[in-house]
Amino acid sequence: MKKETIIIEPFTRIEGHLRVEIGLKKAQVSSARLSGMMWRGLELILKGKTPKEATTIVQRICGVCPVAHAIASSRAVESAYGWAIPPLAQKVRNILTAVSTIHDHLVHFYFMSLPDWINPKEIKKANLEKALYLGLDFYNTSKENLSEELKNYMHYFDKLERTPFFRGPHKEHPALKASPEEGLLLVCHSLKALQVQRLVNKLINIFGGSSPHVLSITPGGVKIKFEGRGVSFLDQEMFSLAEHLLKEVEFYLLDYYLKDALFLGRIYPEWFHIGSGPKNYPLFPEFPKASLLDTEILPGGIILEDKVIKIITGVDYSLQTDLWEDISHSWFADTNDARDPTPCGEVLPPSFAGERYNYVLAPRYSH
Amino acid sequence: MFETGYQAESILLQAFSGNLEDFLLLVEGAIPYRDREAYLKFLGMPLLDFLLKISEKAELVIAYGNCATQGGIPASSPNPTCAIGLPTLLGPKRVISIYGCPGKSKTLVTLLAYYIPFEKLPPMDKGGRPII
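Taken in order, these protein sequences are the chains called E and X. When you line the first sequence up against my numbering, it's residues 1 to 367, in that order. When you line the second sequence up against my numbering, it's residues 368 to 499, in that order.
In short, the hints are calculated from the structure, not lab data. Values in this document were obtained by computation on a predicted structure and should not be read as measured data. Backbone N, C-alpha and C fix where the C-beta goes; we use that ideal spot for every residue, glycine too. Check the hints yourself; a few may be wrong.
Unchecked claim - Taking beta-carbon pairs under 7 Å as the criterion, some of the chain E residues facing chain X (in silico):
#, residue
1, Ile8
2, Leu34
3, Gly36
4, Met38
5, Lys52
6, Pro269
Said to hold, decoys possible - Below, in silico cross-link-like pairs of lysine to aspartate or glutamate (EDC-like), each with a Cα-Cα straight-line distance of 16 Å or less:
#, chain 1, residue 1, chain 2, residue 2
7, X, Lys408, X, Glu376
8, X, Lys408, E, Glu148
9, X, Lys408, E, Asp255
10, E, Lys130, E, Asp104
11, E, Lys192, E, Glu286
12, E, Lys121, X, Glu376
Could you build the full structure based on these sequences and the hints that come with them?
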């Protein structure tokens, strides 16, 4: 039997180092291995430091999602000490979480995944009339606006031709179905998204003090002055600036981002059914009003094999034992238990014995 | 780099074998020094060897951000992977260091805007930092 493997490495449009190994048997995928190829030992670095430092250190895990790490580490310290944070601090954290989610989605859609769905080299061949007709049919815009927008960006393309986005060695492939006109519309909007993600970053700056690694989140609350004068404080002026920015971002999200996602979905409907995994997801509750024990929280839950088997609202201590991480295929020292012992305070050193291929741990749910 | 997988690999290998002319090497992140191969493999070889070889061919080598210049957070005690910055590996004269966490983007853009038209480096201080 003919056996082949496809290896995809390096991944350039993600944070970190990933390697994908796909085994083929008779042109069918028979195995797939995702390997995280990097270990920094942040657990070992955190040991022995003061708890306050955790938010600073842990945020350096990732430059795309530092806010999530900051909030998680602050919550860990707070729950260890039994602290409750002030309701106003919780609101600032909620704003930061929401805004960084917006940033994440924008960047992911337009810059990390969109380049795989269109062929930028073809865009120059696009027929402006046809693109205009297509755009008016789908987007919420007037003819004058759209034709001016397209002309403006077409003017840019001449200059942008040497940038990686346009000179990339994209291959002709029958699965790459998007026409030059469709590609043109999407690329125009992705250039616009570049400007909008700056506004979102500005919002993170206002509430977080800096971006991407925020300074304001700290165990026990947030480091922000709401009145008086100082180096960093939030006053009426800042709030109205934030409101203004948020309105602009909202306009873009509803009129462009959402429509673009639908537009792309209409071009590639068959991909809703290709390549789905085991359909297991843990989702965690977020956006509490005052404390983590709120009932008016956006609920989370556990989905196993496409079925919702548990709804989580607020703090759920049963997850401490039910949700765990499997290390049996990861490059860590062998133990009798497949569970990662880090949450219990023991950090395993890396080791390379046995049939292992990965530094990343696999989340598991048992009940 | 927008290319992924074999397309990115082919560009890197071109640079690696000296077939790619005029390229700048911009390094982000600390380099694990202990156990060579263990903590970061890249294209089937230790990152350390890859960097040592590819930096010979590069026109400019820029270390961007605190991790690439000094080791940063991964190098803080007890430094489990023995992480080092690029100037430690290649010598401070070969590397242009841009500090900050995240790296100062204005310095990088100004450096490139100076280097590309004038084809020479701006004045540097003793630590290999551009004075701009």
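Hint by hint, here is what the structure shows:
{"no.": "1", "hint": "Ile8", "verdict": "holds, 4 Å"}
{"no.": "2", "hint": "Leu34", "verdict": "violated, 14 Å"}
{"no.": "3", "hint": "Gly36", "verdict": "violated, 11 Å"}
{"no.": "4", "hint": "Met38", "verdict": "holds, 5 Å"}
{"no.": "5", "hint": "Lys52", "verdict": "violated, 15 Å"}
{"no.": "6", "hint": "Pro269", "verdict": "violated, 24 Å"}
{"no.": "7", "hint": "X:Lys408 to X:Glu376", "verdict": "holds, 14 Å"}
{"no.": "8", "hint": "X:Lys408 to E:Glu148", "verdict": "violated, 48 Å"}
{"no.": "9", "hint": "X:Lys408 to E:Asp255", "verdict": "violated, 43 Å"}
{"no.": "10", "hint": "E:Lys130 to E:Asp104", "verdict": "violated, 32 Å"}
{"no.": "11", "hint": "E:Lys192 to E:Glu286", "verdict": "violated, 30 Å"}
{"no.": "12", "hint": "E:Lys121 to X:Glu376", "verdict": "violated, 20 Å"}
Of the numbered hints stated above, those contradicted by the structure are hints 2, 3, 5, 6, 8, 9, 10, 11 and 12, listed in ascending order.
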